[in-house]
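Could you build all of it, start to finish, from the sequences and the hints given here?
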Amino acid sequence: MRGTEAPMVEEEGARVSRGEPRGGLVVALRATLKRDLILLLRRRSELMNPLVFFALVITLFPIGISPDPVLLATIAPGLLWVAALLAALLSLDSLFRGDFEDGSLEQLLLSPQPLPALVLAKVAVHWLMTGLPLALMAPVLGLMLSLPAGSYGVLALSLAVGTASLSLIGAIGAALTVGLSRGGVLLSLLVLPLYIPVLIFGAGAVKATIMGDGVTAHLAILGALLAVALMLAPWAIAASLRISING
Amino acid sequence: MWAFIHKLGSPKWFYAISSRLLPWFWTTAVLLIGVGTVWGLAFAPADYQQGNSYRIIYVHVPAAFLAQSIFVSMAVAGLIFMVWKIKIADMAAAMMAPLGAAMTFVGLFSGAVWGVPTWGTWWMWDARLTSMLILFFLYIGVIALRGAFSSRHSASRAASVLAMVGVINIPIIKYSVDWWYTLHQPSSFSMTSRPSMPADMWLPLLIMVLGFYCFFVAVTLMRMRSEILRRESNKRWVRELAGELS
Amino acid sequence: MAFESFQDFIAMGGHAPYVWTAWAVTLALLLVSGIHARAEHRRLLRGLQRRMRREQRLAGCPGGTTNHYQRGGNANDT
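Note that the protein sequences, when read in sequence, are chains A, B and C. Take 200 as the starting number for the first sequence in the working numbering and just add one per residue. Take 547 as the starting number for the second sequence in the working numbering and just add one per residue. Take 396 as the starting number for the third sequence in the working numbering and just add one per residue.
The hints are simulated quantities; they were obtained by calculation from the structure and are not laboratory data. It cannot be assumed that every hint is accurate.
[Stated by the list, open to error] Label-pair ranges, simulated between beta-carbon atoms:
#	chain 1	residue 1	chain 2	residue 2	range
1	B	W548	C	G455	40 to 50 Å
2	A	G383	C	G455	47 to 57 Å
3	B	P744	A	R441	53 to 63 Å
4	B	W548	C	G442	29 to 39 Å
5	C	R448	A	G383	39 to 49 Å
6	B	I689	A	P338	33 to 43 Å
7	A	M430	C	R445	46 to 56 Å
[Unchecked claim] In silico SDA-like pairs for lysine to any residue, Cα to Cα no more than 25 Å straight-line:
#	chain 1	residue 1	chain 2	residue 2
8	B	K558	C	R448
9	B	K631	A	P315
10	B	K558	C	L439
11	B	K631	B	K781
12	B	K633	C	L439
13	B	K553	C	L440
14	B	K633	B	A701
15	B	K781	C	L453
16	B	K633	C	S428
17	A	K233	A	D292
18	B	K558	B	R777
19	B	K631	A	R441
20	B	K781	C	R438
[Stated by the list, open to error] One-sided excerpt, in silico: chain B residues whose CB lies under 10 Å from chain A:
#	residue
21	S677
22	I680
23	A694
24	F695
25	S700
26	L729
For each residue, glycine too, the CB sits at the ideal point set by N, CA and C.
Below you can see the structure in the form of structure tokens.
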């Protein structure tokens, strides 16, 4: 499957790296966004995998614990968040792997445009293709876990904001482990502890809605976490990619 | 000042100066830990609430302090290595990590053991213990990442980046875990926060904390010397040193 | 002294198992890491000395392949 895409990848990568004087950063960003979107859209099965995983894990819980709706409703916010977090984690390994294997990651590093901006574009595409679908799918699964009415919107919103932070933090781990042949397990070891604050406030937002408390504080903190991640993560990702490629 | 830092960055000079410093750190560490042990175990008064089980504080708190400080020092060493390319800093970071993980384990273990007389259970999702557990995972991550690379240069730089990312996250994790804990258990008894400790109780604690820090410096210096020998085994001065000794 | 007798001290007011295990594990870990650090250094120094002696011996005998051995010793350095 990769073989058929290779010519396109090289062509696009070359266009980005040559950095035509008339477009500058905007052209490079748009090219990266477009290229990544096209590449991901061509691999639909890979896009579906995190969603199927999410649904499967959620199916396991009523079977493993109890089908009792009252019990399920109390643990639903946490379950949905943990399962979505694991699904997002699952998709991280492929974030840079394909580009690393076909050499276009090196092209990205060689481009005259600032690397943090380019990786930010890549992470944005990753979020658009995994985080956002997970957030949109969560209310359906919430329904199956008899999540109390009125919290569906907050669930989707908190997941949409939270998975953006998760993608940014996770990309650091993905960039650090992309050069390693068996980086998958290591990646989750590096990234999961860093996910905990997002999990606390994301699941907390849904729980607060169910209890009837104000939800703005949680969402504000989730937004603040995203802002911090947006400020710092691109530089860490760029540095990690340089380490993985250049040694 | 800069000349001093540059000198400190040279392995040969560091090897020489550390051999003069080491005996002082070893003796101070042994003395302080010895005094703290006797004072804390036998002479400090029993706690009015917890009786004698509170004496675990004298190992739990110093280990917890050290666990956090070592992670911060590891990140600082990583930053120094990344910015100024000083190899000694990376050796320090590499040699500190296992001790930091060990201290985190001690903090967790003593906290769990302390939990039995205090809470009646080996494990509670107490804010302090939970964030210490997360710190333990962070340590394991840094050590595993360093071990996963085949080239030492990449391993050092990757571990430095991860340590820095971790150290930015530690306060965030700590505050969010504290917040999460107060939300779920609004009124519960915390092991180490007490209104006021008499001097007889906190003085031995302070001595133990200082002793643990001295011990950390001594072990790190010692292991850095070993690492220098390992990495520089082909340098002339190391060969001359070995020649002199034999 | 916070205790009446040595028996009292050992009993720790009924909390003996907890206090003593926590302390024993901590002090044992400190001891092990201290001894390990010192032994590691001594072992490395001894290894270096052995290498030096071997090289001297090889340099002493005619047609000795000093270079070959030197490289052998460096194999694990990057």
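Hint-by-hint comparison with the structure:
The hint said 40 to 50 Å for the Cβ distance between W548 (chain B) and G455 (chain C), and at roughly 46 Å that hint holds. About 54 Å separates the C-beta atoms of G383 (chain A) and G455 (chain C), a value consistent with the hinted range of 47 to 57 Å. About 55 Å separates the C-beta atoms of P744 (chain B) and R441 (chain A), a value consistent with the hinted range of 53 to 63 Å. Between W548 (chain B) and G442 (chain C), the C-beta spacing of about 36 Å keeps the proposed range 29 to 39 Å intact.
Range check, R448 (chain C) to G383 (chain A): about 47 Å between beta-carbon atoms, so the 39 to 49 Å window is met. Restraint check, I689 (chain B) to P338 (chain A): a C-beta distance of roughly 40 Å satisfies the suggested window 33 to 43 Å. Between M430 (chain A) and R445 (chain C) the CB atoms are about 53 Å apart, so this pair conforms to the stated range of 46 to 56 Å. With a C-alpha separation of about 22 Å, the suggested pairing of K558 (chain B) with R448 (chain C) holds against the 25 Å cut-off.
Pair hint K631 (chain B) plus P315 (chain A) holds up; C-alpha atoms about 22 Å apart against a cutoff of 25 Å. Proximity of K558 (chain B) to L439 (chain C) is assessed by CA-CA distance (about 16 Å); at most 25 Å being required, the pair is judged to hold. Proposed proximity of K631 (chain B) and K781 (chain B) is supported: the alpha carbons are some 19 Å apart, at most 25 Å. Between K633 (chain B) and L439 (chain C) the alpha-carbon distance is near 19 Å, which keeps this suggested pair within the 25 Å criterion.
Restraint check for K553 (chain B) and L440 (chain C): the C-alpha separation of about 23 Å stays at or below 25 Å, so the hint holds. Distance check on the hinted pair: K633 (chain B) and A701 (chain B) sit about 13 Å apart at the alpha-carbon level, within 25 Å; holds. For the proposed pair K781 (chain B) and L453 (chain C), the alpha carbon gap of about 19 Å is at most 25 Å, so the pair holds. Only pairs whose Cα atoms come within 25 Å are accepted, and K633 (chain B) paired with S428 (chain C) is accepted, the gap being roughly 23 Å.
As the CA atoms of K233 (chain A) and D292 (chain A) are separated by approximately 21 Å, the hinted pair is consistent with the 25 Å bound. A distance of roughly 12 Å separates the Cα atoms of K558 (chain B) and R777 (chain B); the hinted pair therefore holds under the 25 Å criterion. In summary, the hint linking K631 (chain B) to R441 (chain A) is supported, as the alpha carbons are separated by about 16 Å, within the 25 Å threshold. Proposed proximity of K781 (chain B) and R438 (chain C) is supported: the alpha carbons are some 18 Å apart, at most 25 Å.
Against a cut-off of 10 Å between C-beta atoms, the interface hint on S677 (chain B) holds, since the closest Cβ of chain A lies about 9 Å away. The beta carbon of I680 (chain B) comes within 5 Å of a beta carbon in chain A, closer than 10 Å, and the hint placing it at the interface holds. Given hint, A694 (chain B) at the interface with chain A, holds; its Cβ is 5 Å from that chain's nearest Cβ, closer than 10 Å. Hint status for F695 (chain B) relative to chain A: holds, with the closest Cβ pair at about 7 Å, below 10 Å.
Interface hint status for S700 (chain B): upheld, as the beta-carbon distance to the closest one in chain A is roughly 4 Å, under 10 Å. Given hint, L729 (chain B) at the interface with chain A, holds; its Cβ is 7 Å from that chain's nearest Cβ, closer than 10 Å.
The structure meets every hint from the earlier list without exception.
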